[in-house]
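Fit chain B to the known structure of chain A by using the hints.
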Amino acid sequence: MSTETMSIFSPQLAAKFDALVLKYPVKRSALVPMLLYAQDEIGYVSDAVIAEIADRLSITPLDVRNVATYYSMLRFKPVGKYNVQVCTNISCMLRGAYDLFDHLQGTLGIGHKGVTADGVFSLEEVECIGACCWAPAIQVNYDFHDELTNDKVDAVLATYRAKAKGATTNA
Amino acid sequence: MADVTFTVDGKKLTAPAGTLLIEACRKAGIEIPAFCYYPGLSLQAACRMCVVRQEKVPKLQTACTVQVGEGQSFITESPEITQARKATIELLLGNHPLDCPVCDAGGECELQDMTFKYGAGESLYVEAKQHREEQKWSPAVYFDRPRCILCYRCVRMCGEGMDVWALGIQNRGASAIIAPNGGDHLDCEQCGMCIDACPVGALTSGTYRYKTRPWEMNHVATVCTHCGDGCKTTLGIRQVNDGAEIVRADNRDKSGINGDFLCAKGRFGFDFVESADRLTKPLIRNAAGKLEPATWEQAIRLVASKFKEVRDRNSDKASSSSIGVIGSNTTTNEENYLLQKFARTALNTNNIDHERTTDYAGFAHALAGTTGRTASLRDTQTAKAVLLIGGNPTEEHPLLAWNLRTNFRLNQSRLYITTDSPIKLERQAIKSLQLPVGLESNGYEAFTEFLNGSDSAIEATSEAKSFREAIEAEESLIVIFGEEYRGQAIESLVKWGLKKAGVKFAYLGDYANSRGAADMGLLPNLLPGYVPVASPAAFTEEYIGLPTAPGKNAVEIFDAAGNGELGALYVVGSNPVATFGVNPAALKSTFVVVQDIFLTETAALADVVLPSASLYEKTGTVTNSYGDVQLAKKAADKAGVKPDFEIIVRIAGGMGIDVKKLVPFGKTNGVSADMGQSRGAQSGEADRHAVWLTANHLEPRLSPFDPLAVLDEIERLIPAYKLDRLNLFGGNDVASEPGFVPVSSIASARDLILPSHDGLFTSGILGAHTVALQELNQYQHQFEHPVVTETAAD
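So the protein sequences, as listed, match chains A and B. To get this note's numbering, take the position in the first sequence, counting from 1, and add 2. To get this note's numbering, take the position in the second sequence, counting from 1, and add 59.
The set of hints was computed from the structure by calculation and includes no laboratory data. Since the model is a prediction, treat every value here as computed from it, not as a measurement. Do not rely on the hints blindly, as some may be mistaken.
[As the list claims (entries may be wrong)] Here are the simulated DSS-like pairs of lysine-lysine, each with C-alpha atoms no more than 25 Å apart in a straight line:
1) Lys-29(A) x Lys-490(B)
2) Lys-554(B) x Lys-443(B)
3) Lys-115(B) x Lys-70(B)
4) Lys-195(B) x Lys-270(B)
5) Lys-483(B) x Lys-29(A)
6) Lys-79(A) x Lys-25(A)
[To be verified] Restraint-style ranges between C-beta atoms, simulated for each label pair:
7) Ala-560(B) x Lys-18(A): 46 to 56 Å
8) Asp-49(A) x Leu-150(B): 26 to 36 Å
9) Glu-193(B) x Lys-165(A): 19 to 29 Å
C-beta atoms are modelled at their ideal positions from N, C-alpha and C, and glycine is treated no differently.
Chain A on its own, in the form it takes in the complex (with noise of 0.2 Å):
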């Protein structure tokens, strides 16, 4: 691969890429899990991602956002460290997801896809994540978090402020 040299991903996440191209008969399937890595590794799905996987499977870069617009969870602005997604959706909903998500607000100053001001956190209201029987429950990056109540959250935030904290001091 010519692009490898240029690439914006991680040497490991390029060489996953040149893998997955030759997985599939024809290039560009590889497209959404393609898309997927790369959020997770940039945080968001950025115009040079878009550029350089457009590049990768020889489509325009208007293919790539076809594809990508289509799906809910791909971002194209980047998020806190942490995103906070909390459930809505009926389950939760019964069980106090409107007050949590609430008390959220409240305790992180932001709204629906806002992002804190040091950029530790993101908050989104989200459908279901298939936690019905724990409700309510958020999802904190890949990590479930359940049955809920405000107390238990501040406690969840805490630990993800912990983290960050220390990520930030150990670096």
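Coordinates of chain B only, in the frame set by chain A:
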């Protein structure tokens, strides 16, 4: 495929198995409404307008995706179906702005028509209108988002049809929108096909928007004046103070040689007709050396008397007359024919030439004595295999490129390409071979040798050899080549092809009537139909006083002018001073007459300038690069100008030439004969033209300014132009056959050929005078064009 019989609305229909129901019904005269379905493009089934009831199938089916099978039964109109369509319309209108009174598509909008037919009086579905400002995607294409009904026609047209992929769909659900590749602007070939394909007014044309309404225009089908493909274009005409103006060009009726297609030049490049730079009055150089306006009478009188004077001064030296004539690549066949006849019989000179962009004489000679070996442009749409040598059709022959792509998409045709640099069409090629550049000899000539079996001609890699083997294995093949081949090179390539039974040729030239100019004998050594002037055969009797020595070609004419040996120069519709780089001082002692639509570099040096009509303002036939003859019809009109045909006739009349001999018109056709009844068609003394007219059931022409009188003569004298008039006058293209050429030597000088290599937004003299094309050219210059190797097709 085998035919199947099925029932639609109680009628028994037959169609090949696998035909789409919507197509089968349309062929049988049953119209099924649809927005997203577009013949030739991939299926979308997005709009749900074409729903029909299929027997034994529980849900309504979309007619655009159902393939007919034996014994099936369908109902296309019923209260249930009407209700379904009504609901679809209701949803579509949910966010539609209903601004029909100002929308460009008002009056020719498919949604409007469907709403009249199926729409409900009141809507149960109410949604807040999401207003968005209209967007200017490029100088040519505007987008009005709320009007869009998401039929995806533009996306498919741009991607599949044009292979540009400039449009796509973004977001999901109710917020889905059509988006261009630049986010807010288009980077594409600017063909405007998306505008034509759009069933509503979501995409509108930069040159037409908010100007008029469809029913206020006359629609005239004529031939595009820009490139050598000769697309049919339908011009929307509106009356204005000084004539009739063109407000729109498109081919929405999908008729003619180009079907759906029209490129940026055809669609937007018509505004030169209305350019403020147009010449509208004859100009005569006064004593002070300045061109000043004059009347037509003054100008014609001056030109006629000068021509006569110069001709008679040199009457003793018939062979080296001191008058030179340069013809045009964009005037009609009749005008070209008349011009050379006028030059040869009235001016007594064979010093006639035109700006040659391709060596058609060489091509005709190479094919002499064969028939059925030339490919019409239509053939390129259905050919099983095509070999394209050199050139870049996407840029220079957009319709050819469209045909090749369509043929690949719909018929899986095999396209072989060999060029010296990569071209976009290679994406559709089964094999492509890059010729080495910078060889001592022409790389293309070496390629012919390679085809003929000489392995050493080009570097015979295994790739090259397999390319040759694949071509050899093709049973039928269209060989398309361009100006890279001239003279002897054409001969050897054609010779190679003639060895195989199924090979046909097409030779690409540049302008609307470059082929016609050569066919009509705007050449110093060849008469119409490539008959050598030295042995004029049938022309001896027709062309009284025809000089039989070959005249000077364009370069020699200007050399003569430079030496002070040229008494007069008559330039029609071309700009040789710029093209050949003539030193203006060379024309100092020559009487120069230029008739053109603009004050070109040549016209600026002239003693008399005559304003002529453009191809959109006159009637006549033109021949495209492939020899397809089409009828151009007068669409626009401009006060003050005259068609070239009329100007030539008027000059001839002013010179005291018997106009009836030049243009056969009037009941007795210029000869006081008895129409041939008593002496028969074989009699040499009878009026041959009248006899021929009678034999062909044609009426004598009654005006010397009727170009079709000369078409009669062309048909009579040039075997290649035996045209099917019913088709020609019906607006269809009629193929001519260059094989009817005397087999005698035609040597053509290589250096005389100056290809124009006009791109998508440039067009010879005209390009500089169309604002729309200039804008597009400038706009498109800001983008780089990466060559995408894999198409995004699923």
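Hints, one by one, checked against the model:
Note on Lys-29(A) and Lys-490(B): the hinted pairing holds, with a Cα-Cα distance of about 20 Å set against a maximum of 25 Å. A hinted pair counts as satisfied when its Cα atoms are at most 25 Å apart, and Lys-554(B) with Lys-443(B) qualifies at roughly 21 Å. This hinted pair checks out: Lys-115(B) and Lys-70(B) have alpha carbons roughly 18 Å apart, not beyond 25 Å. Note on Lys-195(B) and Lys-270(B): the hinted pairing holds, with a Cα-Cα distance of about 17 Å set against a maximum of 25 Å.
With a CA separation close to 20 Å, the supplied pair Lys-483(B) and Lys-29(A) stays within the 25 Å bound. Proximity of Lys-79(A) to Lys-25(A) is assessed by CA-CA distance (about 30 Å); at most 25 Å being required, the pair is judged violated. Between Ala-560(B) and Lys-18(A) the CB atoms are about 55 Å apart, so this pair conforms to the stated range of 46 to 56 Å. A C-beta distance of roughly 34 Å is found between Asp-49(A) and Leu-150(B), which places it inside the suggested range of 26 to 36 Å.
Separation of Glu-193(B) from Lys-165(A) is about 49 Å and departs from the stated range, judged on CB atoms against 19 to 29 Å.
Hints 6, 9 from the list above are not met by this structure, while the remaining hints are.
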